[in-house]
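Student: Sequence:
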Amino acid sequence: MFFGPIVTNMGSRVSFTDTLARWDKQNFTSVKVITGWGLFGGWSSNDRAQILSLTPNPIVRTVAGDPSSRRHPLPHPGIIIDELRPWLDMKFNLMVELGNEPNIKPVEDRFIWEYRYFLDQSIDLVRRMYPHAHIIAPAFIVNNTTQRWFDVCKDILEKCDSVGIHAYEHVSFLSAKDTPRTNQLSTLNNMYEGIKKPKV
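Residue numbering for the sequence shown is 6 to 205, as defined by my numbering.
You may find that some hints are simply not true.
[Unchecked claim] Subject to a maximum C-alpha distance of 20 Å in a straight line, what follows is the list of computed DMTMM-like cross-link-like pairs (lysine to aspartate or glutamate):
1) 30 to 52
2) 159 to 198
3) 164 to 119
Think of the hints as simulated: they come from the structure by calculation, not from any bench.
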């Protein structure tokens with residue numbers, strides 16, 4: 006199990022440098038960044054090198070394939086590879102997550118099938134261009150569409166090395182004192198239990 010922060014908004018490069026210096030003293034085993042945001046002005050080659058060397062298991066997530074992104078709600082393979090290329094060129098076995106929370110918005114069934122198609126194409130392209138990359142399927146959230154998405158996309162998820170899970174809880178997942186109230190973690194774990202590992 007990996008443990009570490011997600012970079013959502015560093016603001017300035019001064020705060021980025023200061024934060025990295027503080028994080029370097031922590032026992033983080035991972036850090037997660039998003040290709041298109043998180044650092045004011047965008048990610049330079051030096052920024053990428055710094056963040057990738059911070060922990061042994063960094064994760065880079067694409068903006069494409071995130072329906073909350075107005076520009077690229079679908080994981081188009083060309084856009085996915087353009088986002089990931091500068092990161093994967095630095096670390097060929099990087100863990101990369103293709104998209105985010107595809108079921109975050111109420112959508113027609115057609116969108117689910119479109120998303121499935123492009124995710125499948127993106128997995129194949131990343132696998133072909135960067136065969137050592139560790140591909141993570143985008144994480145679902147728990148809502149009234151989750152099971153439908155899973156039913157349609159299960160075989161595509163199985164082509165990935167890992168599958169993301171976004172489970173939310175009010176206080177704690179495990180504490181004996183604070184019993185989990187949403188049960189999202191157990192809901193998703195049960196759903197993903199039958200996922201098969203890819204044959205590489």
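Student: Please go over all the hints and tell whether each is borne out by the structure.
Tutor: Hints, verified against the model:
Restraint check for residue 30 and residue 52: satisfied, since their Cα atoms lie roughly 18 Å apart, inside the 20 Å limit. Between residue 159 and residue 198 the CA atoms are separated by roughly 11 Å; this keeps the pair inside 20 Å, and the hint holds. At roughly 17 Å between alpha-carbon atoms, residue 164 and residue 119 fall within 20 Å of each other, so this suggested pair holds.
Violated hints are absent here; each numbered hint is respected by the structure.
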